[in-house]
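Asks: Spelled out from the first residue to the last, the chains are:
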Amino acid sequence: EDQVTQSPEALRLQEGESSSLNCSYTVSGLRGLFWYRQDPGKGPEFLFTLYSAGEEKEKERLKATLTKKESFLHITAPKPEDSATYLCAVQAPLIKAAGNKLTFGGGTRVLVKP
Amino acid sequence: DTGVSQDPRHKITKRGQNVTFRCDPISEHNRLYWYRQTLGQGPEFLTYFQNEAQLEKSRLLSDRFSAERPKGSFSTLEIQRTEQGDSAMYLCASSLGSGARYEQYFGPGTRLTVT
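Chains as they are written, first to last, in my numbering: chain L, 1 to 114; chain W, 1001 to 1115.
Do not take every clue at face value.
Just so you have them, the derived chain L footprint on chain W, three or more residues with Cβ under 8 Å [stated by the list, open to error]:
#, segment
1, 1041-1054
2, 1103-1112
Take a look, some chain L residues computed to stay more than 10 Å from chain W by CB distance [unchecked claim]:
#, residue
3, Leu13
4, Ser19
5, Ala53
6, Glu70
What the hints contain is simulated information worked out from the structure, not anything from laboratory work.
We put the CB at the ideal spot given by N, CA and C, even for glycine.
Whole structure, please, built from the sequences with the hints as guidance.
Replies: In structure tokens form, the structure reads like this:
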């Protein structure tokens, strides 16, 4: 069964202190790895999709990278508004309709202090 | 951009009561998903619709849970004889197609509290 593990569970940063979040996954034939941001009491907000090892995507202060076993979300010079829970999810190969679901990790709660 | 909407946003019910939640996907999206999220955890898949057809159900979806998507538009998720363990955030998502090229967009969720 697909498994996704995120670390650390929580991260406290000072404004401007860059850091990385890890997402390790076990899935046969990854179709896509997704990063979402979730603010308290809200639904997840889509950030990136990565499809193959070596791929990188950037958005403002966020950069996501992918290897064959894990993905990293790098936060460069974070600001307080980057405080949120960051969720990683994988989508497995399509077997009939079973592959459309996302399997999520537990998330990393990021707090950026001014 | 209207996004995915869910109603109600919050629901408090007593154990044993039935509850129904509604999800309106992004208008041109024909795929619709339900997930459940408990505090401090990531969302867990419950069920998936392609148009009006329910194509997959998780083992998490016990007999007390039923989901429908009549006419392939909005969807409802009903929980019968609620239990305290049903307390969670129920999230709906939609996508334009299947596969990783079509990201899933989530609604704001319905937070259910069973007392």
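Asks: Work down the list of hints and note, for each, if the structure agrees.
Replies: The hints, checked one at a time:
1. 1041-1054: With 7 residues in contact (Cβ-Cβ under 8 Å with chain L), the coverage given for the segment 1041-1054 of chain W holds.
2. 1103-1112: holds (count 8)
3. Leu13: Label holds. Min Cβ-Cβ 20 Å, cutoff 10 Å.
4. Ser19: 20 Å, holds
5. Ala53: 14 Å, holds
6. Glu70: Glutamate 70 of chain L clear of chain W: closest Cβ-Cβ about 16 Å, beyond 10 Å.
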